[in-house]
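K.L.:
The chain contents come next:
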Amino acid sequence: MPDKPSDLVQGTLDMLILKTLALEPMHGYGISVRIEQISKGVFRLNAGSLFLAIQRLERDGLIDGEWKPTENNRRARYYTLTATGRKRLNNETREWGRQVTAIARILEAS
Amino acid sequence: MSFLRNIASGLRSLFRKEQVDRELDEELRAYQEMATEEKIKQGMSRKDALRAVRLERGSLEITKELVRSGGWEFFLETCWRDLRFASRTLRKSPGFTAVAVLTLALGIGANAAIFSLFNAVLLRNLPVKNPNELALLGTGRGSGSTGGVNDVLYSYRFYEELAQKNQVFSDTSAMMSVLFGGIHGRVDGSANLEPMNVQLVSGTYFSVLGVQPVLGREFSKADDEPLGVHAVTVISYSWWTRRFARDPAVIGKAIAIGSTLYTIVSVTPTEFSGTTVGESPDLWIPLSMEKQVSPGWNGLEDRWWDSLYIMARLKPGMSVAQAEAGTNVLAKAIWRDFAGPVIPPDRQRNIDEAWIPLTSAARGLSELREYSSPLQMLMVVVALVLLIACANIANLLLARSANRQREIAVRTAVGAGRARVFRQLLTESLLLACLGGVLGLLFASWASRAILAWISAGPEPLPLNIAPDVRVLAFTFLISLVTALLFGTLPALRSAHVNLTDAFKSGRGAAALGVRSRFSSALIVSQVALSFVLLIGAGLFLRTLVNLTRVNRGFDEKKVLLFSIDPPALGYKLDSRLVNLYQQIEQRVAAEPGVRADSVSLSTFSQGAWRAPVSVLGATPNAGDNPHVIHNAVGAGYFATMGIPLLIERVFGPQDAATSPKVAVINETMARFYFPGGSPIGRRFGIESGPAHAADFEVIGVVKDAKYESLDERPQPGAYYLYSQVLKHFYYDFEVRYSGDPHAIIPEVRSAAASVDPSLPLVYQGTLSEQVDRSVASQSLTARLSAFFGFLAVFLASIGIYGLMSYGVARRTNEIGIRVALGAPRSHVFWMILRDGLLFASTGLALGVPIALAAGRLVSGMLFSTKPADPATMLVAATLLIVLNVTAGYLPARRAMRVDPIVALRYE
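Those sequence lines, one after another, are chains X and G. Position 35, counted from 1, in the first sequence is what this note's numbering calls 35; the numbers after and before it change by one each time, with no gaps. Position 375, counted from 1, in the second sequence is what this note's numbering calls 375; the numbers after and before it change by one each time, with no gaps.
No lab work stands behind these hints, which were simulated from the structure alone. You may find that some hints are simply not true.
[Stated by the list, open to error] What follows is a list of derived Cβ distance ranges for each label pair:
hint: 1; chain 1: X; residue 1: Lys68; chain 2: G; residue 2: Asp469; range: 49 to 59 Å
hint: 2; chain 1: G; residue 1: Arg81; chain 2: X; residue 2: Thr84; range: 30 to 40 Å
hint: 3; chain 1: G; residue 1: Val414; chain 2: X; residue 2: Thr84; range: 35 to 45 Å
hint: 4; chain 1: X; residue 1: Val100; chain 2: G; residue 2: Glu56; range: 27 to 37 Å
hint: 5; chain 1: X; residue 1: Val100; chain 2: G; residue 2: Ser69; range: 27 to 37 Å
hint: 6; chain 1: X; residue 1: Lys68; chain 2: G; residue 2: Asn403; range: 48 to 58 Å
hint: 7; chain 1: G; residue 1: Asn403; chain 2: X; residue 2: Thr84; range: 46 to 56 Å
Where is the CB? At the ideal position from N, CA and C, for every residue including glycine.
Here chain X stands alone, though its shape is the one from the complex (with noise of 0.2 Å):
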């Protein structure tokens, strides 16, 4: 039986909603699929999380909306990164890089 589903460290989610649309643009299922296929099933994301982080994204200008019909003929709300949101995706990458690091090294010390 596979690990339960973790909850996503504070504050990571937006940076992870920007990098999966850093890719292409993309709706609110697929953002979820997407998120869980890359973390192999660690990170499962609740529709209330997502769609809250997607309106915070989305009035801070990192992410535009769009409707677009889906390959299923549906109508879906498709979203595309920004050049603010590109920005702000680099800035959060690097800097969590750097505290990713610091924390292992803290971690390995002993």
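Got chain X sorted already, so can you dock chain G onto it with the hints?
P.N.:
What follows is chain G alone, placed relative to chain X:
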């Protein structure tokens, strides 16, 4: 950018709610559909798939709710919902709402009213350009004319020197320290003499202030020189409106004052009414026309005729300290130059010791600054009243919250968080406070006008702008807010922390009541303590007023009417014709029926005084302080008219004529101080120090002391002369002592004056007792308003006690029923309840006494022959408070006594 985007998006969901909701719904449904399809692909049935998705991803509805509550607009929306709910709740209990809103309206209104006056007198800036750059030389305390070196008033020559030589001001102006109110002129060729207020100013006055006329040109420096030729005038907007109905063709019209025609050159803007708050000039005329406007004022060329205020605009970047230093260096140089090559030692000392402070003139000069400490004190008083009102409403809310426990418990049970409940309850308080604030503002605009009318001297209210400005509105809003927080926070907190199980248990929840009543009792006790303090204050100020009105004035102010005339308007000069005019009117008026005596005097009580040193023939001046003497020029009948008793020898009689030897009547204090040992009769003295005039006047009699400037002054040396012998002034007042109906006297005096000179303008100035009352207007205002607020406070506290005890009796109906059923006598029950009331009152008193003593010391400067710790006042206030509080407790106690045990036990 993202901030704007956030706002825009929020606004969109606020105003296009349905569309936004539909989109969110569609997006989430698509999401759910995709997730479900995925599951179905893996082989689940549609039903199972839907359930699995709901389990894994959360329900659609909750998600929607979550996303919706994520934006800031959600906060606004809930606020709006809370507000609607609050107004519904308040409408459902109209009694509570009415009491609360009225109480608040009284409290907030009182604050707003006093603040409106405070603002108008002490805070409002003049409507001029950059008011903060304006500086007044000296303190502006004092007006009229004086001589020598001083730091309030300046001579025209001094002003000219200063304006020319200073390095610290960008521009300098001067204005006459007195508004000429008794001037009569003829407007635009009319034959009628009309009264008008004239302000003399230097040509730079308007340019220093930066006041642009709405019509015509302003004065310029050219209007200052040469003297006596610039017959031009600027008229005020309100006079333009009153007199000319805003006729734009007014420029170029002429106003005749005396024998000079003044051409109207401009009209001031509507908001500008001079630089002295509480005065409103109709005309501004260049100072260079001083002698022509009012022939008694003729000192422009006299270096030591000090009668002007100097107002200047600081150079950009100049600090007040720098400017003050520069001004004083220059002023001393000017004074030394004026004093001549050989400076007498006392003048040298005066110059060395003089220091001119620069005062900000941003808020203008004000005759009304005497009200500043009463207004400050009243601000504190009304704040305390508001606190007491808050305590009452807090108690009402607490009692209400006990009844609403179940409602709140239900709301908590269905998922409202404590913060939400708290916010909702606080919204109710805010709504109450805002309603109270709006009503209070209406109340305040009426009350501040009433107070203004009350402190105004004549039938016209003081020209004071008390219309609520931004500052008053902001103040009212702020205190409403603070009030809501004060009375709303604790009850709301308490309600929000309702204990569910207790609340759902039957009946009136007993658990929170212990705490509640302890808190309520504390509120009541502090109300009693505060209202005691206010009562003591009211008592002290009332005693002050009574003491003032009982002061022995030395004259009898009852049944005396005052009149004034304007002889210069008809071209009279300072000669025997003027003396004849006054004497003839004196005689004609005396012959009228109902007139018992009449006379003439230069000054009357509290309307300015002629104050100067004296020199006594054959006496060396005392080494110490030689008090100035209050001089007055009067008619022969003055002492009889005023009721001032003669002590030694005689007063003026028919033997003293304009040309006979100059004589003087002095008062006791002057006799004692300047003529010690032996009789002063036959001795000689002169006005002004120095031996030159020491033989001018012979003392012929001594009269009793009187009050001259104010009721609370110490005895001052005084001397009286015959106006026919010292004719230096044009304007004298008539005093007419009458018997019978005063209304019949006024037309008699008018016709008597008209029979002497039919075109002479005569103005009725009111009665002497009105003048005396007016001199204590500020003390009277303080006493009456603090008494009113004191009673209001006690009344509110009593309502508080009544409310709390009624509530207590209702709550204890059960217990009382059991007591009675078990045989407790009714009187025991009565006393049991009443004892609570007494306990509140006595604890409040015990707390209030030390506070009142401390507060009394703070206002001791405003008291007159009363000590802050006046035992009689304390006793009366305490008795009054206890009586009122016990009365408030009596009704609930009687209700308790009448509780029917059967009814009571069936109660629940």
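K.L.:
How does the Cβ-Cβ distance of Val100/X and Glu56/G compare with 27 to 37 Å: does it lie in that range?
P.N.:
holds, 28 Å
K.L.:
Using the beta carbons of Val100/X and Ser69/G, state whether their distance is inside 27 to 37 Å or not.
P.N.:
Since Val100/X and Ser69/G have Cβ atoms about 33 Å apart, the given range 27 to 37 Å holds.
K.L.:
Range hint 30 to 40 Å: satisfied by the CB atoms of Arg81/G and Thr84/X?
P.N.:
holds, 34 Å
K.L.:
Does 35 to 45 Å hold as the CB distance between Val414/G and Thr84/X, or does it fail?
P.N.:
holds, 42 Å
K.L.:
Just to be sure I understand the hint, the distance between the Cβ atoms of Asn403/G and Thr84/X should be within 46 to 56 Å; is that true here?
P.N.:
holds, 54 Å
K.L.:
Confirm or reject the claim that Lys68/X and Asp469/G have a C-beta distance inside 49 to 59 Å.
P.N.:
Holds, since Lys68/X and Asp469/G (Cβ atoms, about 57 Å apart) stay within the stated range.
K.L.:
A range of 48 to 58 Å was offered for this pair. Does it hold for the Cβ distance of Lys68/X and Asn403/G?
P.N.:
holds, 57 Å
Violated hints for the displayed structure: none, as all numbered hints are satisfied.
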